Amino acid sequence: MKGGFSMHVHLDGTTPIYIQIAEWLQHEIIADRLQTDAKVYSQYQLAELFNINPATAGKGLTILLEEQLLYKKRGLGMFVATDAKERILLKRRNEILTKMAQEIVLEAKRLLVSDEELLVLIRKTQEGLE
Amino acid sequence: MQSLTNISLKTIVKKQVKWKAKLYISALSSLVIVQIIFGLLTSSAGSGSSGYGGENLTVHFSNYSLDTFLIVTAIWAFIVALLFTTKAYRIDDLSVISSRTSSAIANIFVMIIYSFIAVIIMISTYYLQVFGILLVEKKSFIIEDLFISPSILLLCFSSVCLFGAIGLLLGTSFKGPVVIKILVSTLLLLGLILFFMSPESINVRSLIMLSNLMISVLYLLMALLCFSLTIWIADKAEVTRK
Amino acid sequence: MNIIQCEELSKSFGRNALQRVTCTIDAEKIIGIIGRNGAGKSTLLNIFAGYLKPTTGSCKVFNENPFNNIHTAANMIFIDDQLSFSDYLSLEDILKMGADFYPNWQNELAYRMLEYAGIDLTAKHQQLSKGQLATFNLVYGLVSRCALTILDEPMNGMDEVIRTDFYRAILKEYLAFPRTFLITSHHLQEMESILEEIILIDEGSIIAHAPLDEFKEQLISLSGPSDALAELLSETEVYAQKIMAGMTSAIIDASNLFISEEILRAKGITISSLTASEVCKYLTSKKGSDIDAIFD
Numbered sequence: 000m001k002g003g004f005s006m007h008v009h010l011d012g013t014t015p016i017y018i019q020i021a022e023w024l025q026h027e028i029i030a031d032r033l034q035t036d037a038k039v040y041s042q043y044q045l046a047e048l049f050n051i052n053p054a055t056a057g058k059g060l061t062i063l064l065e066e067q068l069l070y071k072k073r074g075l076g077m078f079v080a081t082d083a084k085e086r087i088l089l090k091r092r093n094e095i096l097t098k099m100a101q102e103i104v105l106e107a108k109r110l111l112v113s114d115e116e117l118l119v120l121i122r123k124t125q126e127g128l129e
Numbered sequence: 000m001q002s003l004t005n006i007s008l009k010t011i012v013k014k015q016v017k018w019k020a021k022l023y024i025s026a027l028s029s030l031v032i033v034q035i036i037f038g039l040l041t042s043s044a045g046s047g048s049s050g051y052g053g054e055n056l057t058v059h060f061s062n063y064s065l066d067t068f069l070i071v072t073a074i075w076a077f078i079v080a081l082l083f084t085t086k087a088y089r090i091d092d093l094s095v096i097s098s099r100t101s102s103a104i105a106n107i108f109v110m111i112i113y114s115f116i117a118v119i120i121m122i123s124t125y126y127l128q129v130f131g132i133l134l135v136e137k138k139s140f141i142i143e144d145l146f147i148s149p150s151i152l153l154l155c156f157s158s159v160c161l162f163g164a165i166g167l168l169l170g171t172s173f174k175g176p177v178v179i180k181i182l183v184s185t186l187l188l189l190g191l192i193l194f195f196m197s198p199e200s201i202n203v204r205s206l207i208m209l210s211n212l213m214i215s216v217l218y219l220l221m222a223l224l225c226f227s228l229t230i231w232i233a234d235k236a237e238v239t240r241k
Numbered sequence: 000m001n002i003i004q005c006e007e008l009s010k011s012f013g014r015n016a017l018q019r020v021t022c023t024i025d026a027e028k029i030i031g032i033i034g035r036n037g038a039g040k041s042t043l044l045n046i047f048a049g050y051l052k053p054t055t056g057s058c059k060v061f062n063e064n065p066f067n068n069i070h071t072a073a074n075m076i077f078i079d080d081q082l083s084f085s086d087y088l089s090l091e092d093i094l095k096m097g098a099d100f101y102p103n104w105q106n107e108l109a110y111r112m113l114e115y116a117g118i119d120l121t122a123k124h125q126q127l128s129k130g131q132l133a134t135f136n137l138v139y140g141l142v143s144r145c146a147l148t149i150l151d152e153p154m155n156g157m158d159e160v161i162r163t164d165f166y167r168a169i170l171k172e173y174l175a176f177p178r179t180f181l182i183t184s185h186h187l188q189e190m191e192s193i194l195e196e197i198i199l200i201d202e203g204s205i206i207a208h209a210p211l212d213e214f215k216e217q218l219i220s221l222s223g224p225s226d227a228l229a230e231l232l233s234e235t236e237v238y239a240q241k242i243m244a245g246m247t248s249a250i251i252d253a254s255n256l257f258i259s260e261e262i263l264r265a266k267g268i269t270i271s272s273l274t275a276s277e278v279c280k281y282l283t284s285k286k287g288s289d290i291d292a293i294f295d
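Residue numbers (numbering that gives the first Met the number 0), protein chains in the order written: chain Y, 0 to 129; chain B, 0 to 241; chain E, 0 to 295.
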């Protein structure tokens, strides 16, 4: 009975679970664990994997389907679209980084950190990760 | 969507009867014990006595009396029937597929089956007492004394059945605190015994020239009426689990 | 495809337990039924099960009146801590009895689950501890595979580890054999992830019935400088607020909020979502009152 739920879904209330599922799938696509034309987990498999209701998992899949990151083959399931990875990366860059940049700039302003100091901090972080 | 299960009332009643009859068997063993106790008590009064000093009760056809055993069995049936309708038993029914109707019908069939077995137990203990007395008093037995006519048997069965039916009906009708139920039931029980088994009513009956057979039929019809009323009342009842 | 339809359903026992409840419940969903003690949850479930009759209004289960209905009973099972069996049956016998009645019964599965839970099948139902009883009753309910499975506080008495296991067991059984689960619990946060919908009952009425995500998105929490928030708060329903040192944090109805997050952030206001439990709490508490008021 145990085992099999290796993934942990955050129930901290900040992000709806179906969005977390969508993001996890996108992450899998970026990381090449789900390649183009590969079959994606069904809502039932996701349900079992994450210990969530299949309808919730299904909602996550639907989001990706609507964004055309996945396509459906009748009776066979959902598959990764051809340019999914590129489009996800583009989207993420635009949305997430932009949002993070906004936050960092706002926060820096609040903490009275100057623009130059902020740029130095970012450079240091990049170097640290190399 | 998955297709729904379709089970008939008949199938459920059969299953309930099967399980209830098996489970409530301890009730029958309690009857055996009670009968033996009463048998021992009355046999010490010697043969040929009805045990009450009074005139004939319902069944006194030979030197040995079936009366005691019959009364004991009838009271037993009444009490067991009452118990069947108490909350503990009713709640058990909810743990399987059942409706108030199916449970009521199942209880009735179990009651009838048990009445039948009870009469057999009754007769057996009676014979035990007879043989016991014969052995002790070293008499030789008279065939006539041992023969119990079918009409007597039917009368026994119908009396027990009737008391059981009345017990079921009372238990189903009164859904209140157990204490009140017991009080009312005891009073009614005494009334019933007086009515059906007292000397006065016997004399009345012999006046109207009713044979044992006709009385049996009458009792069975009354039992049937009680059973029908029981089902009718049970149908309307809500279930409270707590 | 719905399996339960209620229309203006009311029930009173002296006091009004349910007041003009109207709802539909779909087939093959796991639905959480939440409400405070005395809200009317058990009464509603008892009516679905056919144990109680509505005082007024109607209730149809599988398109029939469920009261005293053998067809309803054949497709329904009601599991709570009142589930009882004859004193003469061992747990093994009880399982045999279940197998005899319920056509979809999974006896093998029952054995495996009970073995996992460390429950001795030769024991009697009355001998079990509270936690073991809850476990056994839940297993009984799960393996019966009834189209309508009602679990009224099924985890009461179980320790945390076993609870987690059995929420997962419910999910797995649902995946293996879809059916409608109606589960009540006082521990919504534990159960949340497996629910599809939630029904919130308060004082005899259904005050919310929605898919879980929609339900959670009803209310949001805002906090920021009091003056920045004041205008916003006047435009929408406020469920709770705390003011301290010039900062306000408030729980508001999100449906009337048409301002984007960026604008709010620029004003210094942070938004956060609530857990389903918190949403339930605010929707059912009397507006504006909280425990602190007693101590002020």
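Simulated from the structure, these hints should not be mistaken for laboratory data. The model shown is predicted, which means the values in this text are computed figures rather than measured ones. Do not take every clue at face value.
[Claimed, not checked] Under the rule of at most 25 Å between Cα atoms (straight-line distance), these lysine-lysine pairs were calculated in the BS3-like manner:
1) Y:Lys38 / E:Lys171
2) B:Lys9 / E:Lys129
3) Y:Lys58 / E:Lys171
4) Y:Lys58 / E:Lys123
5) B:Lys86 / E:Lys28
6) E:Lys28 / E:Lys171
7) B:Lys17 / E:Lys171
8) B:Lys86 / E:Lys95
9) E:Lys28 / Y:Lys71
[What the hints assert, rightly or not] Chain E side only, calculated, beta carbon under 8 Å to chain Y, not exhaustive:
10) Glu7
11) Arg14
12) Glu195
Note that the Cβ used here is the ideal one computed from N, Cα and C, for glycine as well.
We went through each hint and held it up to the structure:
Restraint check for lysine 38 of chain Y and lysine 171 of chain E: satisfied, since their Cα atoms lie roughly 22 Å apart, inside the 25 Å limit. As the CA atoms of lysine 9 of chain B and lysine 129 of chain E are separated by approximately 36 Å, the hinted pair breaks the 25 Å bound. Our distance criterion of 25 Å between C-alpha atoms is met by lysine 58 of chain Y and lysine 171 of chain E, whose separation comes to about 19 Å. Among the hinted pairs, lysine 58 of chain Y with lysine 123 of chain E is inconsistent with the structure: their alpha-carbon atoms are about 45 Å apart, more than 25 Å.
About 33 Å separates the Cα atoms of lysine 86 of chain B and lysine 28 of chain E, which puts this hinted pair outside 25 Å; it is violated. Taking the CA atoms of lysine 28 of chain E and lysine 171 of chain E, the gap is near 13 Å; set against the 25 Å cutoff, the hint holds. For the suggested pair lysine 17 of chain B and lysine 171 of chain E, the alpha carbons sit about 34 Å apart, so the restraint of at most 25 Å is broken. Among the hinted pairs, lysine 86 of chain B with lysine 95 of chain E is consistent with the structure: their alpha-carbon atoms are about 23 Å apart, no more than 25 Å.
For the given pair, lysine 28 of chain E sits about 24 Å from lysine 71 of chain Y by alpha-carbon distance, which is consistent with the 25 Å threshold. For glutamate 7 of chain E, the interface hint is violated, the least distance from its beta-carbon to any beta-carbon of chain Y being 29 Å, above 8 Å. Against a cut-off of 8 Å between C-beta atoms, the interface hint on arginine 14 of chain E is violated, since the closest Cβ of chain Y lies about 35 Å away. A cut of 8 Å between beta carbons decides the hint on glutamate 195 of chain E: the least distance to chain Y is about 4 Å, and the hint holds.
The structure is inconsistent with the numbered hints 2, 4, 5, 7, 10, 11, although it conforms to all the rest.
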